[in-house]
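Asks: Take the sequence shown: its position 107, counted from the start at 1, is 107 in the numbering used here, and no numbers get skipped.
Just so you know, these hints were derived from the structure itself, not from any lab.
Even for Gly, the Cβ is constructed at its ideal location relative to N, Cα and C.
One should not assume that every hint holds.
[Said to hold, decoys possible] Okay, the calculated beta carbon distance ranges per label pair:
hint, residue 1, residue 2, range
1, Lys8, Ser78, 46 to 54 Å
2, Glu88, Lys12, 35 to 43 Å
3, Lys110, Ser57, 34 to 42 Å
4, Lys75, Lys9, 40 to 48 Å
5, Arg95, Thr60, 20 to 28 Å
6, Ile100, Arg19, 13 to 21 Å
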Amino acid sequence: MRGKKIEKKERKALERLKRKLTVENLWLYVIASLLKGPTYAYDVRKRIRELFGFDPSPITLYAVVYRLRRDGFIKVISEQPKTYGVTEEGIKTLREALKIIEENANKLKKLLEGK
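Could you build all of it, start to finish, from the sequences and the hints given here?
Replies: In structure tokens form, the structure reads like this:
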């Protein structure tokens, strides 16, 4: 019985981690999906599903797109239909975010390997 309880706790912890790394940091995936080329918000959602294997809710996606545009990480390329593209600032910020993720992952790996 104890083994099943631990497995359930591990599963919950991993599900929480996955959510934090995906939906709760959706901006990373929006910018990355726009690296494939400009497109509209609906298509961004489709790209995220295809490239990263999760499906953000439309409302969450549109809120993130709005904030990214407001902050200068993405821009409107054309109005009809509203097409978005990534900016240099967006690419730079994505690179910095990936560095942070990689640095922390490497530190965790070293500890796990006993170094």
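Asks: Next step is simple, just say for each hint if it's right about the structure.
Replies: So, going through the hints one by one against the coordinates:
In this structure, Lys8 and Ser78 meet the distance hint of 46 to 54 Å, their C-beta atoms being roughly 49 Å apart. As the Cβ distance of Glu88 to Lys12 is approximately 40 Å, the hint placing it in 35 to 43 Å holds. Here the CB-CB span from Lys110 to Ser57 is close to 36 Å, well matched to the stated 34 to 42 Å. The supplied range of 40 to 48 Å is met by Lys75 and Lys9, whose beta-carbon atoms lie about 44 Å from each other.
Remark: the range hint 20 to 28 Å for Arg95 to Thr60 is upheld by a beta-carbon distance near 24 Å. For the pair Ile100 and Arg19, the beta carbons lie near 18 Å from each other, so the given range of 13 to 21 Å is met.
Figure legend: structure checked against the earlier numbered hints; every hint is met.
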